[in-house]
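Enquirer: The chain contents come next:
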Amino acid sequence: MQNLKKWKELEDAGNILDKGNNEENDVSGWRSFRPIHIREKCIDCMICWSVCPDNAVISGDGKFIKFDYTKCKGCLICLNECPVNAIRSEKEK
Amino acid sequence: MIKRVITGNEAVAYAMKQIDPEVVAAYPITPQTQIIEKYAEYYAKGEVSGELIDVESEHSAMSAVVGAAGAGVRAMTATSSQGLALMLEIVYIAAAMRLPILMPVVNRALSGPINIHCDHSDTMMAANSGWLQFYSENNQDVYDNCFIALKVAERVNLPVMVCQDGFITSHSIEDISLYKDNVIKKFIGEYKPKYNLLKKEITMGPFDMFDYYFEHKRKQAQAMFDSVKVIESTFKEFSLISGRRYDFFEEYKLKDAEKVIVMIGSTYGSARDVVDSLRNNGELVGILGIRVFRPFNFKLLKKKLEKIRNIAVMERYDPLSGFGGILFNEIRSSLSRNDIVEYIYGLGGRDVDDSQILKVFKEMNNGKELIRYVGVRE
Chain A
1 MQNLKKWKEL EDAGNILDKG NNEENDVSGW RSFRPIHIRE KCIDCMICWS VCPDNAVISG
61 DGKFIKFDYT KCKGCLICLN ECPVNAIRSE KEK
Chain B
1001 MIKRVITGNE AVAYAMKQID PEVVAAYPIT PQTQIIEKYA EYYAKGEVSG ELIDVESEHS
1061 AMSAVVGAAG AGVRAMTATS SQGLALMLEI VYIAAAMRLP ILMPVVNRAL SGPINIHCDH
1121 SDTMMAANSG WLQFYSENNQ DVYDNCFIAL KVAERVNLPV MVCQDGFITS HSIEDISLYK
1181 DNVIKKFIGE YKPKYNLLKK EITMGPFDMF DYYFEHKRKQ AQAMFDSVKV IESTFKEFSL
1241 ISGRRYDFFE EYKLKDAEKV IVMIGSTYGS ARDVVDSLRN NGELVGILGI RVFRPFNFKL
1301 LKKKLEKIRN IAVMERYDPL SGFGGILFNE IRSSLSRNDI VEYIYGLGGR DVDDSQILKV
1361 FKEMNNGKEL IRYVGVRE
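Residue numbers (the working numbering), protein chains in the order written: chain A, 1 to 93; chain B, 1001 to 1378.
Just chain B, same shape as in the assembly (with noise of 0.2 Å):
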């Protein structure tokens, strides 16, 4: 292993070229424009053996990797926010397609406002689009779930993304072990698509009518559904070349916790601290932070919370439904519980402090409410 000092955005620029997949797309948008850039800059000094297409909008960028995947290679492309928005109906169609994409994102809030900053309200909006979903909460995890995501969507033959905090993890420096070429080339093999249009002619991606529709939907849901025991063996043999033992879910201090927090993302270290400090003063707080948000590991889930008295979701988008968040209605329909409580927080970017995750732990059991702001002058 290699220690280097990186931002989330290099980091996952660094894992596209030890990837070297045979076809690149992708349109520059804040904030995941270094990502690119990092990797143009390989390509110009022929340090990445694939084809680096320069598109005119994300739209395209979608479309053209889900033509190279098609045609049996390894294919990539990286959005944010509106990029993401713009590409939404290519997402679907790409997973529809069941090819093994990766894209990173770097999660932007999405317009409007228009905004440049942290939110999960682009990848929350394609979190039913059929894709893998990784988060990370800081640079070595994204780094680290390039590889994992990579492997296990060519073993499921579904797209993935991973996630990561825009400007919070994707352009701060921090220390990450990197893995050397030939240990990354092992451990994600060489790609051997179920289907390719060059070497066969086959047709993809036809019309279907009310008689197949139904029934290519319910196939490809099993994928979804059968996605989680492959991510468990990935994490599994991920831990040989690592050391890092990861799960669908982290978590900290939650065994003996009668107040938990469910969040997504780089509040996850924030809040450690957090609990560290309420635990000095004797409070039994916990926190569990999700990885793999889909497939929903609802089983797992059950087990690590079903125990826990006061249960918050912390959720960094707000989806305007006059009800909680994606986040939430999973955590509450896992559960079958009606007491646990929402807290938005840190839109389009606002700074996710310590004293706000303290609110949280202190109010969570009290008030009638159950979706609750925090960070937002009242």
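Just chain A, same shape as in the assembly (with noise of 0.2 Å):
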């Protein structure tokens, strides 16, 4: 809760100007369930990239590098989606 603003710096209605403005949010403590990367099993097929609504896997020379737990709420879209089962999950405590 650090640098909340006052309500008249506030656009109205709360309206969002900016785009990617996620990245100012740290999601981490939404979660329930965080995925697990199983890199035995990566085929680097980056579907999990490519259907993570949140931008939370970390990509680099076409290969999965890491999750990024900052903006990931847990929806584990990217465990349903992988062909080869290359992710797991693990509750949160």
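These aren't lab readings, by the way, just hints derived from the structure by calculation.
Cβ atoms here follow ideal geometry from the backbone N, Cα and C, with glycine treated the same way.
Derived DEER-like restraints, expressed as beta-carbon distance ranges:
1) B:A1044 to A:W30: 50 to 60 Å
2) B:D1054 to A:W30: 35 to 45 Å
3) A:K5 to B:K1192: 23 to 33 Å
Fit the two chains together into the complex; they arrive one by one in their own frames, and the hints show the way.
Expert: Structure below.
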């Protein structure tokens, strides 16, 4: 709860004028389950990267690198869509 | 100005035609139906340029209008009673999204028992929805209110209801003066939305948690406070084209009055006759009619009524609260007085004749009951 704006500083109706502003948010607290990547099974098809609604899959050179757990809210769409079961889930404690 | 003899509903449809909004989405409901019928006739004849969307319910009507207004165009709907109740979820959202939608409402009693005639239970249900509310005494009023209300709404980015009494004015023929199209066009001007979904990718109506909901509500509340000044100046501008100088409250022989009734809507007309006849007998009586109920200009109200000895509020709906209605409470608290009495009257279209108003003037300073009824069979 840092740097919260005062009411006079806000846009009318809470309108959000810029795109991609989820960069600012840490949603890790929303997660009930955490996706975990299994390197040995992964074929780097990057389907998880394309289906992730919050850009929480970090890629490089066309390969899976890691999950960004500050942006992952634990929807597990990646786990559902992975064709080779290279993502498992673990309950958050 | 053009003189015409038309109903209140036709006056509203004609105002809509002159405003020519890009989108009208509506569902017919008695007694609003004629507005949409007449507007559909204009649409069929190609006399209006906007889209008319026939939706499947009032919930959809308000939703379509919210979408259109979000896309930066003038958008309107019209409704009554159960229609307003059904759309109420989106009514609140339209206000919170700060969309300047104009919605004529033809006042009709809420069910149950089911009834199609006039009282104010529908718009009083929405009195705290964040919409501006203008009420009308007669056909000229409702026609004029449409333009003033639209201009105010677009200046403060809040939606507005223009209310008239179902059947009493909506279906009654009166002579009114219509303005020429170019006069109205110039008065309302071109609509320049503050936000527009189609111009830039923005997000409207996002989710708020405990960290921002309160601040966004605070900002919405400020728009309502600030609208008072805007309404004042818009009334002034409107008087230049109409010659009619409106105000938040309409008063009749208030200056030296000792007994005053406060009321909303068409009864104000009959009450003036009663005031005249009582004054002929030397009784110092007067009337205050409410034109703008939201925002509630409590400072002006206090100025107008603080010297009045006896005040009664006539309220055309039953709040079923164990106490008085919203108007009664606003008047009481604006004046910090507990000797004001409430008369609930005219429910479900019950005819309000002079004898009822006369009774209120005669009895308002007698008795201890705060909440009273007039016109009901005892």
